[in-house]
Amino acid sequence: MQVAIDPSLAQIALFILGGLGFVMISLLVARLIRPNRPNPEKLSIYESGEEPIGPAWMQFNARFYVVALIFLLFEVEILFLFPWALIFGDAEWQAATNGRWGYFALAEMSIFVLILAFGLAYVWAKGHLDWVKPNPTISAFKGVVPEGKYQSINQKYSQFKHGAS
Amino acid sequence: MSTFFFFLPFLLLYTVWAVYAERKVSAFIQDRTGPMETGKYGMLQTVADLLKLLMKEDIVPTASDRWYFKAAPVLIFTAVFAGFAVVPLTLGWAGSGTEVGVFYLMAIISLDVVGILMAGWSANSKYTLLGAFRSVAQMISYEVPLASCIVCVVIICQSLDLQAISYQQGIFSTSPNYLFGIKAWGISTNELGGFLTWNILRAPVLIPVFLIFFICALAESNRAPFDLPEAEAELVGGFHTEYSGFRWAMVMLSEYGMMLLLSFLMSILFLGSWNTPLPNIGSMKLALWTSGTAGSVASFFWGAFWLIGKSLLLIIVMMWVRWTYPRLRVDQLMSLCWKYLTPAAILLFFLSALWRLWMI
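Chain order of the listed sequences is A and B. Numbering of the first sequence is given in this note's numbering, commencing with residue 1 and proceeding in unit increments. Numbering of the second sequence is given in this note's numbering, commencing with residue 166 and proceeding in unit increments.
No wet-lab data here; the hints were simulated from the structure. Glycine is no exception: its CB is placed at the ideal position from the N, C-alpha and C atoms. Each hint can be trusted.
Per the computed footprint, the stretches of chain B lying under chain A, defined by three or more beta-carbons under 8 Å from a beta-carbon of chain A, are:
id	segment
1	244-252
2	285-296
3	309-320
4	323-333
5	405-415
6	508-518
All chains should be modelled from the sequences, with the hints used to inform the complete structure.
Here's what the structure looks like:
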């Protein structure tokens with residue numbers, strides 16, 4: 001039995017399998033010519049020269065979950081927008097409905113997008129979009145040189161710099 | 166013949182060139198000379214690096230998840246390379262003619278994220294794990310405005326096929342094109358061609374869309390100023406810290422491949438694809454001279470020349486940006502994406518839809 005294969009899908013398969021084949025072959029070639037002399041130090045995890053303390057597989061910041069959830073929300077929205085975008089501006093249907101088709105389709109999609117935009121606004125107002133910010137503390141150190149001295153020196157040299165040009 | 170046989174060698178040659186160009190561009194910006202020893206002006210430096218990487222020992226840490234660790238670079242490269250399947254190269258020579266073109270492209274390059282998470286998690290190192298988390302959070306966040314920008318172009322062009330979008334933007338267009346897309350003025354640009362029929366001028370609403378797309382493309386390919394995932398000063402090498410030898414080269418190759426793919430996409434969606442930038446001016450038929458007659462060998466080479474030229478130019482701009490701007494902080498990165506780019510992209514989506522209904 002002959003199975004008809006869509007040539008456009010065959011092209012995609014060629015790219016996927018060809019890419020895979022290329023990586024495999026080049027890794028195989030590398031395997032044939034590279035040395036292999038492992039030792040425990042070489043095979044340990046790099047932690048800036050220190051002995052690694054504990055595994056890295058542990059709890060992480062829950063904010064990443066929130067970002068993933070917001071992403072899912074919007075990616076599904078965009079998934080639906082693609083087929084809609086293809087037909088909403090169709091010139092023939094526009095002409096057949098006296099231009100109402102496009103506005104009707106746009107109004108429908110606007111409701112959908114605005115509900116999701118409302119979701120974004122909610123997440124925003126709840127503060128889930130605010131990442132942990134660094135909070136720099138200004139040192140309370142008081143030097144013996146009065147602060148005005150630095151300013152006057154800076155002024156003196158900036159005048160010199162600008163005066164030269 | 167399939168474009169596969171062009172893109173695979175081209176990707177390798179391009180990477181060798183791009184790594185060299187990156188070093189020379191950074192050297193020029195920082196007032197250094199860059200690599201000078203290997204070959205004339207150091208031109209063989211990347212070739213030498215590549216040979217060195219091929220002969221380096223492949224280290225798989227004992228504490229790592231062995232198979233995931235080994236498979237991740239394969240997945241990353243395959244995902245990026247498969248994206249090239251739908252990229253048209255020139256007049257009459259596109260890869261897969263599937264009608265869902267750019268949609269497929271978005272889907273397949275998302276697998277890159279899975280590969281990065283695999284690489285970072287399986288190495289069992291704190292640096293790689295943090296790098297992978299940052300990378301994944303950044304890539305999925307910026308995919309939202311990126312995909313919205315593609316929707317804007319699809320609304321204007323009414324096609325997902327990148328080759329069909331390419332045909333619309335030049336003198337070979339079968340649909341009418343007007344100056345700035347405004348039909349009421351009645352100035353047809355079908356005969357003029359050149360940059361006047363590029364998408365950004367065919368519908369000027371796409372100019373801000375292009376800017377957002379460019380910013381997101383930088384973030385998607387983990388380039389500075391969005392290179393937090395591999396911030397050298399904090400995370401050593403980010404998600405690929407533990408890789409060595411040719412596996413590391415694969416990760417690097419796919420990073421540059423991603424840059425190339427997104428530059429191709431930018432040229433096709435906004436900058437006229439394989440169409441010439443020069444318009445016909447009176448008896449000076451610049452557009453005809455620089456694109457040849459449809460179907461001839463000359464048109465084939467002109468098309469490839471313009472598309473690749475535009476893409477490489479965009480890559481040079483990306484490098485220029487990398488060596489000009491400082492790196493963002495994580496909170497700035499997230500607020501830029503969710504509080505500025507995404508609302509702007511939603512607004513532009515509505516503007517593009519109205520533009521399509523009013524102007525075309």
